[in-house]
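For what it's worth, the working numbering labels the leading residue of the sequence shown as 1220, then goes sequentially.
There's no promise every hint is true.
Derived lysine-lysine pairs resembling BS3-like cross-links, with alpha carbons at most 30 Å apart [what the hints assert, rightly or not]: (1) K1522 to K1533; (2) K1416 to K1432; (3) K1486 to K1522; (4) K1416 to K1520; (5) K1432 to K1293; (6) K1432 to K1413; (7) K1486 to K1416; (8) K1486 to K1413; (9) K1413 to K1293; (10) K1432 to K1486; (11) K1486 to K1520; (12) K1413 to K1292.
These are calculated hints, taken from the structure and not from any lab test. Computed from a predicted structure; not experimentally measured.
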Amino acid sequence: MGKQLTINNVGLIVAGGALAVVAINELHPLHSNSIYLLLAAGVGAILPHLSSFKAGGVEVTLREIENRVQEVKKTMTENRERNQSAQADIQNRINDVAAEAASAQADIQNRINDVAAEAARAVKREARLVWEVGGVPGGAQKVRQRSFAPANIEATAPKTEAEEAPATDAPTEQEPASATTDDAALLQLVRSLKVPKNLDDDDDTWALVDEFKDLPAANSTRALTAEVTPDSDDPDWYRVRITLAPVGSGAPIVGRVYFLIHHTFPKNKVPAVASNGTATLERYAYGAFTVVALADGGNTKLKLDLAQLPNLPKEFAEG
């Protein structure tokens, strides 16, 4: 057994330290652990060669002190780990709440985007094709809504001869005094044509008429062509220029020509007077449709599906 020391001063030091530990332990357990370590270190420095000593008649072995030190270290480690675990749990919860908030915000934004997209689609369905007043390059005006009364048409711009046909199946305008027999025959043909009933805005009007299903876009003397260009002010809309012109040995086009266009235009049977041997019509639209040209007293009937034009903007073709 190692040396023993019964010096009262040492006993008092140890006893006083023990009392301090007990007192601090009542106030703050974590600090008492530190005091234990300090006390153990002090005792170890004072009594490096003793296996035990007596304080107040109580024998305390260094092994007991070492065991207590180990217990204190273990307790401190456990407390530190618990604190770290608690902090990690708090941070994880904060992260979860932040993620939930971000997800909710993303859901709200997605919903806003969906509503905006649906509203845009609704606008396009309501205004699938719009009317161009006058049909003159550089002088055209666009009306961005389909549903307007004739009074509003009058207020937009004065009618030209090519726009005199009313928005009905049977044109009733007065033929000019110079109208030919061919013009009168053509007018009778146009009056006999009926727009199919119960059409949706997306239905291709004249492509559904049996009489026109097998018409070509050109024959040996006439050709129906079109140019589609994006509008410089609004890339969602396109200027459509439709032309009926002679080809091959065909004679110049004279007199009245009718262009049959989509039923969502205020006028779907539009008269035009040939000029310089050709007849043209311009409209603004955001989607393709089928146009039929009638000329030469009804002897010329040609059909052109704008969606089949080469190098056509995809948005227009699928509109």
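Here is how each hint holds up against the structure:
no. : hint           : verdict
1   : K1522 to K1533 : holds (21 Å)
2   : K1416 to K1432 : holds (17 Å)
3   : K1486 to K1522 : holds (18 Å)
4   : K1416 to K1520 : holds (22 Å)
5   : K1432 to K1293 : violated (92 Å)
6   : K1432 to K1413 : holds (14 Å)
7   : K1486 to K1416 : holds (16 Å)
8   : K1486 to K1413 : holds (13 Å)
9   : K1413 to K1293 : violated (96 Å)
10  : K1432 to K1486 : holds (21 Å)
11  : K1486 to K1520 : holds (19 Å)
12  : K1413 to K1292 : violated (98 Å)
Consistency note: the structure conflicts with the earlier hints numbered 5, 9, 12.
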